[in-house]
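Enquirer: Spelled out, the chains give:
2 protein chains.
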Amino acid sequence: MSRIWNFSAGPSTLPLEVLEEAREEFVDYRGAGMSIVEMSHRSRPYEEVHEAALADAKAVFGAPDDVRVLFVQGGATLQFAMVPMNLLRPGLKAGYVDTGVWASKALADAALHGEVETIWSGETEGYRRAPRPDEVRVDEHLRYVHVTSNETIGGVQYHAWPDPGVPMVADMSSDLLSRPIPWERFDLVYGGVQKNLGPAGAAIVFVRESVLETTRRDLAHYLRYDVHADRRSLYNTPPVFTIWMVGKVLRWIRREGGLEAMARRAEEKANLLYGAIDGSGGFYSNPVEPDSRSRMNVVFRLPSPELETRFVAEAEEAGLSGLKGHRSVGGCRASIYNAMPVEGVRALVEFMDDFLRRHG
Amino acid sequence: MSRIWNFSAGPSTLPLEVLEEAREEFVDYRGAGMSIVEMSHRSRPYEEVHEAALADAKAVFGAPDDVRVLFVQGGATLQFAMVPMNLLRPGLKAGYVDTGVWASKALADAALHGEVETIWSGETEGYRRAPRPDEVRVDEHLRYVHVTSNETIGGVQYHAWPDPGVPMVADMSSDLLSRPIPWERFDLVYGGVQKNLGPAGAAIVFVRESVLETTRRDLAHYLRYDVHADRRSLYNTPPVFTIWMVGKVLRWIRREGGLEAMARRAEEKANLLYGAIDGSGGFYSNPVEPDSRSRMNVVFRLPSPELETRFVAEAEEAGLSGLKGHRSVGGCRASIYNAMPVEGVRALVEFMDDFLRRHG
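Residue numbers (this note's numbering), protein chains in the order written: chain A, 12 to 371; chain B, 12 to 371.
Next comes chain A alone, as it looks inside the complex (with noise of 0.2 Å):
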């Protein structure tokens, strides 16, 4: 097998120890005589499985006793309307914090479920940072503000929270496990698990007891919290696969050194991409404010198109894949999860480097 250096934005590289161990484990599961994938959710040795995954993801994000973890399907994405769904009810309104295309999704789904207002929105000046600390502080009454800490498409991270006086609920789906929360800050936390957390299938959503107390009741099981939290995600039938490669995931980042090593890592993987950037002269260029760039998703333009289109086919060639930005912005994107190797960004950058020097 010659292995590809994958740079998609999601799903995406996952570490390979974790991809093997699955495929040794995977028709017979550790002597059971059948395939995980084929157990009842209500099975001893799945059982086992789940609630690990539970337990390792409060303990390897740091998480305190008084917040719940939850597995649910329809990733970030259904989360945009189960925010509102559960915490909102008139006279309750919430602020929502726009960043760009993601932020703009959780906001419009959450303004069909509850009354919701932009607190801040990077829009006039096309997206290219995250709000100060001092720009998202409220002083009306907002049940929670809404956050998106990596615009995923964008490239844009917030690298200082915003501390806006009420509880914050944020979307890190793509880049959750890169580094410590300060939980003290957020009412919930979620995002989808297919970036640095495992296969695509479910969204993790963090939430905490107090919050769950006062969830909506009159909503269909599946889009209640509580429902989800009571029965540790086994209100019905989980996905199976998905928690059990989250699971390995998480030991693997156990291993590794947990979340300061992989900060420690994805702070030295975007400073070598960065500094190939803003090294080229021009050739290649970033359009994001240096202190709200982000260490997950590095967004990159070139002087043409049709050099854009030529630098993604040969680095696709070249074993460096998923290249291509996101199709409703162009350029190119590099993303560079927990499971890319510094090894992955170098071969990138040394592949910048040569084309630079070839097409510059």
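Bear in mind the hints are in silico, worked out from the structure with no lab data behind them.
Same chains, same label: a pair holds when it works inside one copy or across any pair of copies.
Pairs of lysine to any residue, SDA-like flavour, derived with a Cα cap of 25 Å:
id : residue 1 : residue 2
1  : 116       : 242
2  : 116       : 58
3  : 104       : 177
4  : 116       : 245
5  : 116       : 54
6  : 116       : 53
7  : 116       : 103
8  : 116       : 246
9  : 104       : 123
10 : 116       : 172
11 : 69        : 53
12 : 104       : 230
Given the structure of chain A, go ahead and fit chain B onto it with the hints provided.
Expert: Just chain B, lined up with the frame of chain A:
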């Protein structure tokens, strides 16, 4: 490897050749240098997998041209909410047929998101049968009548479909792909995939194009059938692994002879098991009226809870797994989905005969 006969109600046994093929491709998908679960859902290899699964589902199920196939996360449980949210609105009412645990769950969730009424209930009879077709005729205008084609816990299945005079919506989670569907009676058919169709992680939804024209647009995107249909179940990141496996199971069913072959096998396997129960002189008993007995989930009692516990434990030792009845009702249950070979059912029947000789 010593493969177990797995009678679990879902997740449940899958064809061994499907599991082995998945293992073979798992780490390096057909020379791509990465796993299918690491690939962008916008990449060509995944899009081919995805489109083939949609097309094969339509073909193998025998769905007409004007029916669209969707994969939606959250299982049948999220569909309990999405059906009324999308199809009802003020002034439109739905009728629900209550045949047991799963029908009751669908009804309870629907009542929170629309106006519904129970048009027939088996509760006073102890949920021992499905209604006769003439019992579910409706006179008033109802947007739809909801039925549960097979009660996984109660072991009750429709063998004569109702024709209520308005379109039907059906939860077919536990018997889809076990027999042809009279599509002309249905506006929408849904089911969790984790029984006859693949590993857990999605519901499959069949919905008429004419229905999609009138579903509600004032819902968050993930909750809208029209969004999933317009974007071919790629509005957001799909459950890649589950859909990949569903495609493999669909091709297996086609190789095995399609729905008609599955229906014949289901009848043969069910006859073997009910024969063993009915021929046991009352040692084994099934409470369901003969013309409503499920061909997927065969429930049976023994003379005492102690004997049932012993039966399940000895069966487990004999390599027959998952025979404990649902915790809400006790007793025993053998789920004999498509991937359970006749050979496995014969092994169970032999064990039942032997157990009867020893304990009867």
